[in-house]
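Number of protein chains: 2
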Amino acid sequence: MKKLINSPDTVLADALAGISAAHSNQSVDTQTCVITRAGGPSVGKVALISGGGSGHEPLHGGFVGAGMLHAACPGEVFTSPVPDQMVAAVNGGAGVVFIVKNYTGDVMNFQMAAELAADDGIEVATVLVDDDVAVKDSTWTAGRRGTGATVFVEKIAGAFAEQGAGLGEVAELGRRVNAASRSFAVALTACTTPAAGKPGFELAEDEMEVGVGIHGEPGRSREKLEPASAIVARSLDAIFADQPLAAGDETIVMVNGLGGTPLIELYVAYAEVAKYFAERGVRIARNLVGNYITSLDMAGVSLTVCKADEQMLALWDAPVNTPALRWGA
Amino acid sequence: MKKLINSPDTVLADALAGISAAHSNQSVDTQTCVITRAGGPSVGKVALISGGGSGHEPLHGGFVGAGMLHAACPGEVFTSPVPDQMVAAVNGGAGVVFIVKNYTGDVMNFQMAAELAADDGIEVATVLVDDDVAVKDSTWTAGRRGTGATVFVEKIAGAFAEQGAGLGEVAELGRRVNAASRSFAVALTACTTPAAGKPGFELAEDEMEVGVGIHGEPGRSREKLEPASAIVARSLDAIFADQPLAAGDETIVMVNGLGGTPLIELYVAYAEVAKYFAERGVRIARNLVGNYITSLDMAGVSLTVCKADEQMLALWDAPVNTPALRWGA
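Protein chains in written order, with my numbering: chain S, 1169 to 1497; chain X, 1169 to 1497.
Bear in mind the hints are in silico, worked out from the structure with no lab data behind them.
Be careful, since some hints might not be right.
Chain copies aren't distinguished; within one or between two, either way the pair holds.
[To be verified] Think about it this way: if two alpha-carbon atoms lie no more than 30 Å apart in a straight line, the pair counts; the simulated DSSO-like pairs of lysine-lysine are:
1. 1213 to 1366
2. 1213 to 1392
3. 1170 to 1392
4. 1366 to 1170
5. 1170 to 1213
6. 1443 to 1170
7. 1443 to 1213
8. 1475 to 1366
9. 1304 to 1170
10. 1213 to 1475
11. 1443 to 1304
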């Protein structure tokens, strides 16, 4: 295993120390393992809180800041955070929205945290993200896995909360964004967790995993390696089959690297995505090309498509000031 | 070779098509292979133009936009761009500053372009970047290699040009930023160019290349793999030995991933950097943690330290609106 770490046991603590040192507009509690906006909660506004296992950076800590998350609760690598973390992150304010990727451990622990918060008189609504069309009922999931749409939900619902929308409205919009989004991922290599020290699965030099999960969970099939054009086409075919898009529809599209794929290759993939959409007359109104929800050092790409309405696009454009997404600020 | 590409021959063309489709505030000439700001040259302002082999994305195209570069000229992967590209990128305006990383081919071709531009009556000044303290006279370089300081030069001199500074002033500031900056890189794995199809050098499972170049050029030594703390310490020792920094000095520091290193590991490294600086009382006034000048899929990290004065810090903070660096806009 070749990793730039001190020890497999201290990766999360060490990374949190780095995040704390790097970002003066974030406040990191290295005891409870919670990343919040510096300067305390926004009085009178709904607070978005997310979290999940580490190893998917910049998700979620990189999205903590004005216009997006109030706080992020990172677990150990590929391990759910515990309810105490979410409870520590909760602030009274105007209520809290938990944004939860659909993995059994995350769902259970956020549910427990919501109950604890309710005991303290804090209103919590939950948005469950389950956008990955590849498979149902995977290694760590009942139903669909939650992946790239999380970024869209956090940005759009976060902007709505920043504008002063109420708890019910913010949660409802977050659910609408998730319902309008679909993702599909292809891995060229497996990822290696620091604890395991070896790849989570084996892929031959000429193979790829089609429909892979963000922890390296099995996808739909193992196939021979294909050119970028074919990889993009089969991914978008799966997405469009699940949610048909018509000429004139507007979308937000993310071409996301899984951690070990160079940016030049993500642009090669984006060119194929743009061609696919143009052929169908579907408009890409906004896009992201880069590493936003990764799987440690996995090589590969995930595509996420959100069929966006005017409200979603306007909120997408609203100012955001986080380490990983920043504009208008 | 596992790459998300269509063919080794079309990587640059395909990536440029993707950049063109993704960034509406950039204009990509896919014939001449030049990326410029959309909307034409800024009248009456000095234009910064950079370029070099591809495979280092987001450098340089990702830094084209308001407050930074006017244009970027990407060559094929790890191959210098040709003078015709720079000439195509040149606009009259108030003169042009070429920002050139110190590699023999780049230096020669930018020099030729400067002569061609001069023939057309366009004033060109050149800033040569040579910040890598690891080795002198490497595979493709006479003198020191140019690496991470390029990002600092492009940001700071770009902001100065945006404010209306004259050609001589902008170039002089760019040279001062380079002179104040030092870099050092360590590779955990080699990178694979699409054309070669196999790693550029061999590293055993327990080895690292200390002082590696951005194309995988040999460094100072091959060593046994070390913890992040030791890798950071030996890199900063080399940097501080070359340019001593005293308590109270202010710096801009970049912890840069070489393309295949997950962000969580870069934060682990940044924590070690922050500790090293704190122990010496040297202040990190600004920082970047992420992938800014990469080497395709190479795993590893480069550190760049700029001893910054007040003018540099103020220009660092000035608005910038590019795909890879964006704030205040």
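Verification of the hints:
| no. | hint | in the structure |
| --- | --- | --- |
| 1 | 1213 to 1366 | neither (44 Å within a copy, 53 Å between copies) |
| 2 | 1213 to 1392 | neither (50 Å within a copy, 52 Å between copies) |
| 3 | 1170 to 1392 | both (27 Å within a copy, 11 Å between copies) |
| 4 | 1366 to 1170 | both (10 Å within a copy, 18 Å between copies) |
| 5 | 1170 to 1213 | neither (44 Å within a copy, 47 Å between copies) |
| 6 | 1443 to 1170 | between (37 Å within a copy, 23 Å between copies) |
| 7 | 1443 to 1213 | neither (41 Å within a copy, 36 Å between copies) |
| 8 | 1475 to 1366 | neither (38 Å within a copy, 40 Å between copies) |
| 9 | 1304 to 1170 | between (33 Å within a copy, 28 Å between copies) |
| 10 | 1213 to 1475 | within (27 Å within a copy, 41 Å between copies) |
| 11 | 1443 to 1304 | within (29 Å within a copy, 45 Å between copies) |
Violation of the numbered hints given earlier is confined to hints 1, 2, 5, 7, 8; the remaining hints are satisfied by the structure.
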